[in-house]
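For the protein sequence lines, the chains are A and B, in the order given.
For the first sequence, our numbering assigns the number -17 to the initial residue and increments by one for each residue that follows.
For the second sequence, our numbering assigns the number -17 to the initial residue and increments by one for each residue that follows.
Some clues are possibly wrong.
One copy or any two copies: either way a pair holds, since identical chains are not told apart in the list.
[Claimed, not checked] Derived pair list, reagent style PhoX-like, types lysine-lysine, alpha-carbon separation capped at 20 Å:
1. Lys279 with Lys294
2. Lys378 with Lys139
3. Lys87 with Lys347
4. Lys401 with Lys390
5. Lys179 with Lys91
6. Lys212 with Lys224
7. Lys179 with Lys98
8. Lys401 with Lys359
9. Lys179 with Lys224
10. Lys378 with Lys347
11. Lys224 with Lys91
Think of the hints as simulated: they come from the structure by calculation, not from any bench.
Number of protein chains: 2
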Amino acid sequence: MIVELVTIGNELLNGQTTDTNSAWMAQQLNLAGIQVSRINSISDSRESILGILEETEARADVVIMTGGLGPTSDDVTKPVLCEFFNTELVFNTEVLKHIESLLAKKSCKINEYNMKQAEVPESAVILHNEAGTAAGLWFEKNKKIFISLPGVPFEMKGLITKRVIPALNKIFSLPVIHARTIITQGIFEAQLAEQLKDFESELPENISLAYLPSPGIVRLRLVIRGDDLKKLVNDIDMQIQKLQHIIPEYIVGFDDDTFESIICEMLSDRSQTLSVAESCTGGTIASMLTAVHGSSKYFKGGIVAYSNEIKKDQLAIEPSLLDRYGAVSKQVVEDMAINTRLLFNTDFSVAVSGIAGPSGGTDEKPVGTTWISVSCKESTVSSQFRFGDNRDRNIKRASVTALNMLRKMIIEQDIIALKGLGL
Amino acid sequence: MIVELVTIGNELLNGQTTDTNSAWMAQQLNLAGIQVSRINSISDSRESILGILEETEARADVVIMTGGLGPTSDDVTKPVLCEFFNTELVFNTEVLKHIESLLAKKSCKINEYNMKQAEVPESAVILHNEAGTAAGLWFEKNKKIFISLPGVPFEMKGLITKRVIPALNKIFSLPVIHARTIITQGIFEAQLAEQLKDFESELPENISLAYLPSPGIVRLRLVIRGDDLKKLVNDIDMQIQKLQHIIPEYIVGFDDDTFESIICEMLSDRSQTLSVAESCTGGTIASMLTAVHGSSKYFKGGIVAYSNEIKKDQLAIEPSLLDRYGAVSKQVVEDMAINTRLLFNTDFSVAVSGIAGPSGGTDEKPVGTTWISVSCKESTVSSQFRFGDNRDRNIKRASVTALNMLRKMIIEQDIIALKGLGL
């Protein structure tokens, strides 16, 4: 089965909007055993929509489109679909009822733009859109399936999960694909590839390996194809065991794990708590941690000590330390970590102080210089890093690195505790 | 001139990675007067790369590709380019020197993967990649231009800005496109469209209007085409003046403005300072503000008071208030704002307390219920909001709404100050 995605919208082609829908759809389809073979982003003009419908009809079995179903006049998908499938717009009372009930919840009155959304192509099967006012549409032509969904991400998501994938599952006997992701931290892509050279050359033919780098993290993705899921799972697990022997020090998690989800699980399981003191990361670590549902179980809070004044007043950093060593120093970041832990009465704490850039660097401490400290009752560990010259990436790398240092400290404390029990 | 983008990588088609490169390239090209007509994402197999090269050769004048130039074995773009352009890989000493100097900075030794990156197709013009080890490649065939760039975003960005756009500018006489974005907050897309119905129908034919909704914000994008930039700028400005009469209360900024950049400019200009107290937004507001270079001029810091204990201990919230009204209440959020402002000794403060979800809601305070308070010496303003049931969007909407309340308070204070001066 060949599946293509089509995202429609001038905002994608002028760069005003990033196409996040495609990646999300591709991921969900992939998990359901459906491999997307191509993604096409086109303008919302009659010509380009008709063009891509003809093109994908020749190339694919299933075409999933998003965008252009909205209530405003730049949304032209519906009339063009009618033209291509030789049908016309008809008023659908079920859809109208649904729109009215959604608007009532937001205390909005229905207007003519909302009314237009109740018009749907006559030959389409309607895919009920719980989350929004634009219905999903399902067409069939010459044994090919065309699905048109709204471009608003959370509306599209509900339709893909609840309507599209279950329907495709009924029609096609899907091949079995199994994928695992291994998350590494602290090593560059080329250096990782060198360490995994033999591993890679020994991989069976039905397993592929991809390297996916992002600031501070390289993900390794192993994908296996076959027909017996149990065997596939087993085969991939064997490869992961191999990796755990080759690069144990760099593996930090698997699949959808993020540092924030790993920390959430580790500390919640241990009934331990965390606080943070952030200077250059400016709240990013706290924001990452609290993005995870359930973080309130272990995360008590933190201080964004962006100015030196706040470091002194709120974190009780000695003015003499700031004067002598500067805010980006081992001495200051250690006291930030220790004082925050005591102030917030938590088991662990993390502190970061650095020069995110693009300006503010010196010869001795160039832009990217960052001190990170993690602290618990038993020990405090601090390290200096030299990240790059890009503010955004420096903030991300510092945040990820700090959370990895915390992860290592939690594991270290477990080992010490076990040793203390004579285990 | 017809321009297409091609992003190469299995990680795009299985959804492991979101294609952010295309949007960025499209935006930069657009600003330079180059309209992208289509974006294609394909797998990194020989067949699909050869296929898209043939397809785009027939359709476009300029094709810009990213991805597959890395050092690992899943990067196949270079040999396939050689096949298509009938050339071969040759060792380039200039590129090698550059790779060595980059690795030296990171204290890494060159390995065979890095060495492979010094091999480039003989017939290609080399585009020097300051930021990374994979050179950009420029091919010409039958008067068509093909450009191949690394997929690592910051490397691609440097190449587009410093090499590709200047080179295209020399070759083509680019049409004049002028675009402005008007940022609105506090109104839904359909309601906005209703208010702008007449405005839209009266727009001249060479101006287009698009609605770009995101959590808490709807962007309006006006694009004009013509040949005289001065006239185009003038024509769009007239339309913006019209909008300022129709929806003055919803317009919060223009173009690349973000709430964080607007606040940074407003408070820096006034030499005033800000602190934040975040509960459900968990550091997101601080993180947004500090993402802007120069935020240290006005932003002193904040407290992420995620647990009630921290609200009491660090923000001096009366335990009786928490007991009687709960953490998500006018009483608590107001005290959070006032106490933070006093504690951090700032001119303004922002406080947020809400139920981000997905659980934790009650009948009286369902998930999405959020109290926001902004405070300055002269006044404290608090409002309750009912956002939705999605954690991530609730955090974003609360953050954006809080910053808009702050923006309004700063303007309000200006007006009061002017009145005080008898102006």
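Query raised in the report: Going through the earlier hints one by one, which of them does the structure break, listed in rising order?
Result: 11
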